[in-house]
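Protein chains: 2
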Amino acid sequence: MGGDFGPPVIVAGLAGELDAWRAKGVRFLLHGDQAQIEAELARKPAARSLCDIQHADKVIASDEKPAQAVRRGKGSSLWNAVEAIRDGKAQAAVSGGNSGALMAISKLILRMAADLERPAFVVSWPSINGVTSVLDVGANIDCDAERLVEFAIMGAAFHRALHGKKEPSVGLLNVGEEEQKGHDEVREAHQLLRDGNFVADYRGFVEGNDLSSGVVDVVVTDGFTGNVALKTAEGTARFINNEMREAFRASLLGRVGALLAQSSLRRLRARIQPDAGGPLLGLNGIVVKAHGGADAKGFASAVRVAVDLAQSDYVSEIRRNLENLTAVLAKQSQARPVESLG
Amino acid sequence: MGGDFGPPVIVAGLAGELDAWRAKGVRFLLHGDQAQIEAELARKPAARSLCDIQHADKVIASDEKPAQAVRRGKGSSLWNAVEAIRDGKAQAAVSGGNSGALMAISKLILRMAADLERPAFVVSWPSINGVTSVLDVGANIDCDAERLVEFAIMGAAFHRALHGKKEPSVGLLNVGEEEQKGHDEVREAHQLLRDGNFVADYRGFVEGNDLSSGVVDVVVTDGFTGNVALKTAEGTARFINNEMREAFRASLLGRVGALLAQSSLRRLRARIQPDAGGPLLGLNGIVVKAHGGADAKGFASAVRVAVDLAQSDYVSEIRRNLENLTAVLAKQSQARPVESLG
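The listed protein sequences derive, respectively, from chains A and B.
Quick note on numbering: my numbering labels position 268 of the first sequence as 268, and the sequence is numbered without any gaps.
Quick note on numbering: my numbering labels position 329 of the second sequence as 329, and the sequence is numbered without any gaps.
Next comes chain A alone, as it looks inside the complex (with noise of 0.2 Å):
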């Protein structure tokens, strides 16, 4: 029922891509009313058998407050799609819903996996020779080094998963190459990275230009620096669109160069929109975030990001990770009293 436009483009999503969830066995349990989805159904019948429909009588608005949802959610077709993960009638959630609500009832029912605050936001960051997972970009602002490994190790899975390359390297956002530079937790995750085992190709720190540069597949941030780096390259993009548009406006010839220009900045902003959605990560379980605004095809990328990720190893993956990272941690603070005794 959610996003802009509800069950006609999520039933229209699902149908364009039929051969592709045929050929990967993924069947949809769909939440919501069920005779408006019957309805959708009806004009797409070669849709229909991979369905199953979860009546909800219940739809969570898009401006309600997320502790409301939490507090009268139960029942409705968003907070239907999370809980049938936890009851193992589902592998994932796709939403298009209310954001904040999605965030919050996820954490509710699924409960975090990792010791944060609230699921982190990964964006695939275009680069120069493909895509770079970039994370926290704007849900957890303080973080301390358990965190940013802790992202380290999210964004590794979810990089393998969604682009199959086996061993991701990751890279630590920071304001220089030298161990001496940056903030204390910045340098405290380095130091837990390269020592302990938790990604396997991890190559230190790298910087603001570099999440384009292609020079690693994951870069990992607090949600704070990664809010703003975002933001900035969107500013960034949006400002030489308006120099180009200037620049182009003195001839024809300019003319028609600036509608090339100006197309291939358009797919660029596209690229790094924060809210084309997303997984929420760090949950027990996998949940994919829809635009709100998203077309057809919009939703169907969003599926198609949720049934990648349950189809690898990627929850497992990152519980063993996230374990490893809890018993080095410990082993850690049961050492530190006897050094100070020395």
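Treat the hints as calculated values from the structure; they're not laboratory data.
It is possible that part of the hints are untrue.
Because identical chains share one entry, a pair is satisfied inside a single copy or across any pair of copies.
Listed next, the in silico DSS-like pairs over lysine-lysine satisfying Cα-Cα at most 30 Å (straight line) [what the hints assert, rightly or not]:
| # | residue 1 | residue 2 |
| --- | --- | --- |
| 1 | K181 | K74 |
| 2 | K297 | K58 |
| 3 | K44 | K89 |
| 4 | K65 | K181 |
| 5 | K58 | K74 |
Being a predicted model, the structure only gives us computed values, none of them experimental.
With chain A held as given, fit chain B onto it using these hints.
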């Protein structure tokens, strides 16, 4: 003697804008090897009458470590240039030499006006309707609320002196515009700036995209976030440049378009280059770093910054507002125990 080219470029830079210097009543005290400088001035006789020379035997190498430069730099051209400010022989110093050495020696000789670990870096960030002054972009990594307020004070004074705007608007970089968002330090700085009278036109929180949107004249952030933002913008511009080249390669028309696009991207990148020089903010005196690789024009523009700052109310305005800040903070820390007794 500093920069990649030394006296030839520096003297040519001064000689190229003699009318401007005369109009502003500027004279130069050139520090370095007297014979070399005289030889260069002999080729630009019109500049000779505006220049005095203070001979120095020693030169600080571009790869010398700051600590070493401080220990052994006395009597070098760089040292003498900074010392001339302290001794009242000059009102500002401009150097294209070793940045770390310039910073350390300036701090030692002039001392910090603000309570900063080291001078802050400001860049003139190109925006849709002009230029945004952004600081700190890398010198001070860990910043508490007081530090951020100091940046606001220095940034406003810098922007006014350079761009002639009477009351520059100031924004604080955050991840959202609501008061409850962001780090503690950012929220505390927000309260100080909102309630105190440290900058005339404080506008509250801005986001990463506002670095180039032009909604405020000055954006304040810590050196970690500022450095990441700056390098992210550079990386984005480089990425777009590459994308355009690809998009344009198809046709002759496209190749012409690419030339247009690339020249505007080049201008953009030149404008956001952090090493392009700028004042070291927070010192008791005006020291401007010129880019080591600057040509005569680039060096002249660094001199223009120094002249504009020296001929404005810049130094005394910063001192006045910093004293105001110190007084307010002292009052607050006196007030607190009483409140907690209350």
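Practice prompt. Mind listing which of the numbered hints don't hold for this structure, in increasing order?
Written response: none
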